[in-house]
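Q: Here are the chains, one letter per residue:
There are 2 protein chains.
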Amino acid sequence: MSEKVKLVHGNGGRFSHELLETYILPHFKNEWLGVLHDGAQFPVQAGRMAFTTDSYVVTPYEFPGGNIGKLAICGTVNDLAMNGAIPQYISCALILEEGFELKQLEAILSTMEAMAAEAQVQIVTGDTKVVEKGSIDGIFINTAGIGMIPDTVDSHPKNIKPGMKVIVTGTLGDHAIAVMGTRYGLSLAASIQTDCAPLNGMIQAVLEKVGKKVAVLRDPTRGGLGTTLCELAQQSQTGILIEEEQIPVTAEVKSVCSILGYDAIYLANEGKAILIVEADVEEEVLSILHTFKYGKAATTIGTVISQNKGKVGLRTTIGGIRIIEPLGEDQVPRIC
Amino acid sequence: MSEKVKLVHGNGGRFSHELLETYILPHFKNEWLGVLHDGAQFPVQAGRMAFTTDSYVVTPYEFPGGNIGKLAICGTVNDLAMNGAIPQYISCALILEEGFELKQLEAILSTMEAMAAEAQVQIVTGDTKVVEKGSIDGIFINTAGIGMIPDTVDSHPKNIKPGMKVIVTGTLGDHAIAVMGTRYGLSLAASIQTDCAPLNGMIQAVLEKVGKKVAVLRDPTRGGLGTTLCELAQQSQTGILIEEEQIPVTAEVKSVCSILGYDAIYLANEGKAILIVEADVEEEVLSILHTFKYGKAATTIGTVISQNKGKVGLRTTIGGIRIIEPLGEDQVPRIC
Numbered sequence: 066m067s068e069k070v071k072l073v074h075g076n077g078g079r080f081s082h083e084l085l086e087t088y089i090l091p092h093f094k095n096e097w098l099g100v101l102h103d104g105a106q107f108p109v110q111a112g113r114m115a116f117t118t119d120s121y122v123v124t125p126y127e128f129p130g131g132n133i134g135k136l137a138i139c140g141t142v143n144d145l146a147m148n149g150a151i152p153q154y155i156s157c158a159l160i161l162e163e164g165f166e167l168k169q170l171e172a173i174l175s176t177m178e179a180m181a182a183e184a185q186v187q188i189v190t191g192d193t194k195v196v197e198k199g200s201i202d203g204i205f206i207n208t209a210g211i212g213m214i215p216d217t218v219d220s221h222p223k224n225i226k227p228g229m230k231v232i233v234t235g236t237l238g239d240h241a242i243a244v245m246g247t248r249y250g251l252s253l254a255a256s257i258q259t260d261c262a263p264l265n266g267m268i269q270a271v272l273e274k275v276g277k278k279v280a281v282l283r284d285p286t287r288g289g290l291g292t293t294l295c296e297l298a299q300q301s302q303t304g305i306l307i308e309e310e311q312i313p314v315t316a317e318v319k320s321v322c323s324i325l326g327y328d329a330i331y332l333a334n335e336g337k338a339i340l341i342v343e344a345d346v347e348e349e350v351l352s353i354l355h356t357f358k359y360g361k362a363a364t365t366i367g368t369v370i371s372q373n374k375g376k377v378g379l380r381t382t383i384g385g386i387r388i389i390e391p392l393g394e395d396q397v398p399r400i401c
Numbered sequence: 066m067s068e069k070v071k072l073v074h075g076n077g078g079r080f081s082h083e084l085l086e087t088y089i090l091p092h093f094k095n096e097w098l099g100v101l102h103d104g105a106q107f108p109v110q111a112g113r114m115a116f117t118t119d120s121y122v123v124t125p126y127e128f129p130g131g132n133i134g135k136l137a138i139c140g141t142v143n144d145l146a147m148n149g150a151i152p153q154y155i156s157c158a159l160i161l162e163e164g165f166e167l168k169q170l171e172a173i174l175s176t177m178e179a180m181a182a183e184a185q186v187q188i189v190t191g192d193t194k195v196v197e198k199g200s201i202d203g204i205f206i207n208t209a210g211i212g213m214i215p216d217t218v219d220s221h222p223k224n225i226k227p228g229m230k231v232i233v234t235g236t237l238g239d240h241a242i243a244v245m246g247t248r249y250g251l252s253l254a255a256s257i258q259t260d261c262a263p264l265n266g267m268i269q270a271v272l273e274k275v276g277k278k279v280a281v282l283r284d285p286t287r288g289g290l291g292t293t294l295c296e297l298a299q300q301s302q303t304g305i306l307i308e309e310e311q312i313p314v315t316a317e318v319k320s321v322c323s324i325l326g327y328d329a330i331y332l333a334n335e336g337k338a339i340l341i342v343e344a345d346v347e348e349e350v351l352s353i354l355h356t357f358k359y360g361k362a363a364t365t366i367g368t369v370i371s372q373n374k375g376k377v378g379l380r381t382t383i384g385g386i387r388i389i390e391p392l393g394e395d396q397v398p399r400i401c
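Quick mapping for you: the protein sequence lines, in order, are chains B and P.
Quick note: the first sequence, position 71, residue 136 per this note's numbering, numbers continuous.
Quick note: the second sequence, position 17, residue 82 per this note's numbering, numbers continuous.
Hints are computed from structural coordinates only; laboratory data are not their basis.
Among these hints, one or two may not hold up.
Repeated chains share a single entry, so a pair holds when one copy, or any two copies, can fit it.
[Claimed, not checked] Cross-link-like lysine-lysine pairs, in silico, DSSO-like; alpha carbons within 30 Å at most:
1) Lys-168 - Lys-198
2) Lys-71 - Lys-198
3) Lys-94 - Lys-374
4) Lys-376 - Lys-71
5) Lys-226 - Lys-361
6) Lys-198 - Lys-274
7) Lys-277 - Lys-94
8) Lys-94 - Lys-226
9) Lys-198 - Lys-226
10) Lys-376 - Lys-361
11) Lys-69 - Lys-278
12) Lys-198 - Lys-69
13) Lys-71 - Lys-319
14) Lys-319 - Lys-168
15) Lys-278 - Lys-223
16) Lys-168 - Lys-69
17) Lys-226 - Lys-71
Same shape as in the complex, but just chain B (with noise of 0.2 Å):
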């Protein structure tokens, strides 16, 4: 085979198979894969299902820290433990532009297959499309998943009570930094590295321990903080109100945002949550996050209030209320 992924490859004959056969199934062996069928079978218990799905159309495909391969594994992981799901099976459809290289299809396909088993999920069908040289960049990605939701968890705006807890897994931005750094070719300092992962073991943990007292639980990936808890506002009609000085982003992503003019609470990210927990449980469920390398830095950002129903409010470091909102125009396209 040749070291670059032709037309052919692409056709549903004997070189599609060979792609399959010799690139893409070995890092996907799992009994349920549907090697010899387009689609894969497993048993299902009775419950509540959690299906969810995202296409990655990052540029570029390999950035600090991470690759488009880790995004659609980890973006799709955890888009069901949002849901408050156990991720279970995953869909991989790959898109590659006729020239890309296949030992860059490998590695990305190591990676899957690497947050495949770091999530405890399992690749089990997908689909493979290639087009003409120039039609796309390299490669985009969609997966899709689905999970069973636990009788315990019931995470849903509507759950969403004045004097609850807003708590953020760790610090904003890095992820959308980190590749636009890489797409600009801007020097930036080697800590700023995508906060891509799987949170879901993490947040099992929380649900196993506090469930239903986790009002709901969102990803602040494209559109950032400020943009979920705008939603957030929205669709439970309580305010909300954060406080500046405890929105934890690192000093590097601070410094170039103020040089670039972004504002981190609307930086995308890729390995972060946001719960609003009853405050009765707010410590506990700090100390469970913290527990974990993906939660290190989790802290609470601010109080659900009865006031300014579906607005947003950030108590700023000089005193004022500056009121958020949902993200508009910005100049960050192709960030997942």
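With chain B held as given, fit chain P onto it using these hints.
A: Leaving out everything else, chain P in the frame of chain B:
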């Protein structure tokens, strides 16, 4: 809102929300739709589930008899049906090119809505990304789907045994020729249209009646009938002998094939199924298929034999036997 897709429609903020609310959600209303969240939640019964995904990158995205949206619903519905499953929930992930006409998007989403209604599936979750002008041509769509497999179904290549009959549900090659005709500006007969259709209703009717007497179901998409039968012969380690004069191809497709040098048995179909059934239900299966509009031209094209294990033979109209290989090189990229 402007009449074209803009990059900000993909940033996860206010404009993304507007695109979703104004253009996308009106086509996908149902009780499970994950409107407020990255994912849908719904109850499932215990049993065997099928899960499948496909990305659609067809060019052009409109062609006689259909468009990329029709393919995206029918393709995934049919993959589920070929697993013997009753398709139920579908995801819809759009990748849009900056500048794509919103009225074009609406036309595609309307087609998806109509196809989902016909196939009785619900589009419950989705994702929308926007890439810069020139990064793709127009629109790519990924759909994933899930459905439950009734206990009375056992479709697997291992069930294929000598003496069984090979049935195809209609004429071959229509989809590929319709797409290529448009792409290359050929002036073809108006009767050449994609065969793209949801086959689940028809397949379910067959399975309800003859259940486990259907050894296997496949839809001969990319790679066509020839490649699909080669895979089945290999997987079952039986021989498959088909009769050229029994293979249904319209006169129009035949004549395009003879002019352009295509072989209809390798052309992609999007609304056809292959059923391998026990000989004693052959007539019953055909008469069920004939009652459906997508099965009117169903016919038996061959027999499973004990000789030539793993191989497919075609008895030609002049009496010889030609060994059919899986599709090798071909000149028809982006047919779906």
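Q: Compare the structure with each hint and give your call.
A: Hints versus structure:
1. Lys-168 - Lys-198: both (17 Å within a copy, 28 Å between copies)
2. Lys-71 - Lys-198: both (9 Å within a copy, 24 Å between copies)
3. Lys-94 - Lys-374: between (50 Å within a copy, 27 Å between copies)
4. Lys-376 - Lys-71: between (51 Å within a copy, 27 Å between copies)
5. Lys-226 - Lys-361: Cα proximity of Lys-226 and Lys-361: one copy only (26 Å, versus 59 Å across).
6. Lys-198 - Lys-274: neither (51 Å within a copy, 48 Å between copies)
7. Lys-277 - Lys-94: between (36 Å within a copy, 28 Å between copies)
8. Lys-94 - Lys-226: Close across copies (28 Å), not inside one copy (45 Å); limit 30 Å.
9. Lys-198 - Lys-226: Result: close neither inside a copy nor across copies, 53 Å intra and 44 Å inter.
10. Lys-376 - Lys-361: Result: close within a single copy only, 29 Å intra versus 59 Å inter.
11. Lys-69 - Lys-278: neither (52 Å within a copy, 44 Å between copies)
12. Lys-198 - Lys-69: Classified as both: same-chain Cα gap 11 Å, cross-chain 26 Å, threshold 30 Å.
13. Lys-71 - Lys-319: between (43 Å within a copy, 28 Å between copies)
14. Lys-319 - Lys-168: neither (36 Å within a copy, 41 Å between copies)
15. Lys-278 - Lys-223: Cα proximity of Lys-278 and Lys-223: one copy only (13 Å, versus 50 Å across).
16. Lys-168 - Lys-69: The answer is within: 8 Å in one copy meets 30 Å, while 37 Å across copies does not.
17. Lys-226 - Lys-71: Result: close neither inside a copy nor across copies, 55 Å intra and 36 Å inter.
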